[in-house]
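As a plain string of letters, each chain reads:
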Amino acid sequence: MDINRLNEIYLDILKELVNIGAGNAITALSTMLGKRVDMQVPTVKILEFKEVSDIFGSPDTVIIGIYFDLDGDVKGNILFALDLSSAASLIWNLMGILANGEFTDLEKSALEEIGNIMAGSYVASLSTLTSLNMRISPPAISIDMAGAILSVPAIQYGEISDKILFIETQFIEGEKLIKGDFFLIPNINSFDRILKALGVEVNGK
Amino acid sequence: MENKIYRVGMADAKVTQSPGILTTIGLGSCVGIVLYDPITKISGLVHIMLPYSNKISDNSNKLKFADTGIQFLIDEMIKLGANSKRLVSKIAGGSQMFSSKLNSDIMNIGERNVTATKEVLEKIGIPIVAEDVGGNYGRTIEFYSEDGKLLIKTIGYGIKYI
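Residue numbers (numbering that gives the first Met the number 0), protein chains in the order written: chain A, 0 to 204; chain B, 0 to 161.
Warning: the hint list may mix true and false statements.
Result set (BS3-like, lysine-lysine): computed pairs, CA atoms no more than 30 Å apart in a straight line [to be verified]: (1) Lys13(B) x Lys44(A); (2) Lys13(B) x Lys195(A); (3) Lys107(A) x Lys117(B); (4) Lys54(B) x Lys3(B); (5) Lys61(B) x Lys49(A); (6) Lys162(A) x Lys74(A); (7) Lys61(B) x Lys84(B).
These are calculated hints, taken from the structure and not from any lab test.
Based on the sequences and whatever the hints tell you, model everything.
Structure representation (structure tokens):
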């Protein structure tokens, strides 16, 4: 089972799965901010490794990555990546603090918490949908070059494929456009397990 | 002759001659491996993501792994006229971008990449003349085939030549 061999049906199911997850995550964010958040239709992207580090412009663009281990019936991990201005907007909305490029420890832990709530509701919705038990670890944050942060999901996809699958969500709070990318990375066995739980027959292997 | 810059992406490799410059931007847990023939100044850079090709079922992409990636680079450099007996190496990367307690196998992939790289180079008999590996931060590297220097740039951890 690898991404290269995923046929259209599987891909549609995966897209739907991550769409639902992202939708729930945005709802959770909206509740936390106490404000209406409009989500644009999330787009599922499948890219070659060479293209991955360019999704935030250049591979040396500084971004924020919030990482979670995924454990239970489905093992793997989740990475939520966002650019600095989106992060500053979130902090402003949550705390009323104007962050300027450098983030304090307090602001970093606020971002971890935002990631935690979003990833938590993301996973909860997937868990309900598949009836599989999933839980996430506490968040770990890194602020560094996009290429370096995105190498983490890329390497894990590298074990099963030459491509990487992720979902890009854009949401608008007030007048601010906030852009975030979700990487859901189930390990190989878990990938099959998710599809089976959804009643999809996995052929070829 | 202008100093042409060749950019190497993930699971990618390039070779050049002096005064060409080889760069890879935003190395995380991956490892950037530079091979260099000091006499002909033929150099190569491969950006590997995983340790050994035989541990993975889908190993068609040779540049993804330390073992097959290094071998590919040697072959390409010999084609350009490098002498395999003279080759030396410089390596960078292999950091742990996120600290986490679970799934330690996944999290220490940077370290495993560095270990595999060193094992492969030792087996072939290519000395490592400089290295900047580990830590928990990203690196951008630039190799100057003219003088064999490797520039390492980081966010918040300085800039240096090795």
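Hint check:
no. : hint                  : verdict
1   : Lys13(B) x Lys44(A)   : holds (27 Å)
2   : Lys13(B) x Lys195(A)  : violated (42 Å)
3   : Lys107(A) x Lys117(B) : violated (36 Å)
4   : Lys54(B) x Lys3(B)    : violated (36 Å)
5   : Lys61(B) x Lys49(A)   : holds (14 Å)
6   : Lys162(A) x Lys74(A)  : holds (19 Å)
7   : Lys61(B) x Lys84(B)   : holds (22 Å)
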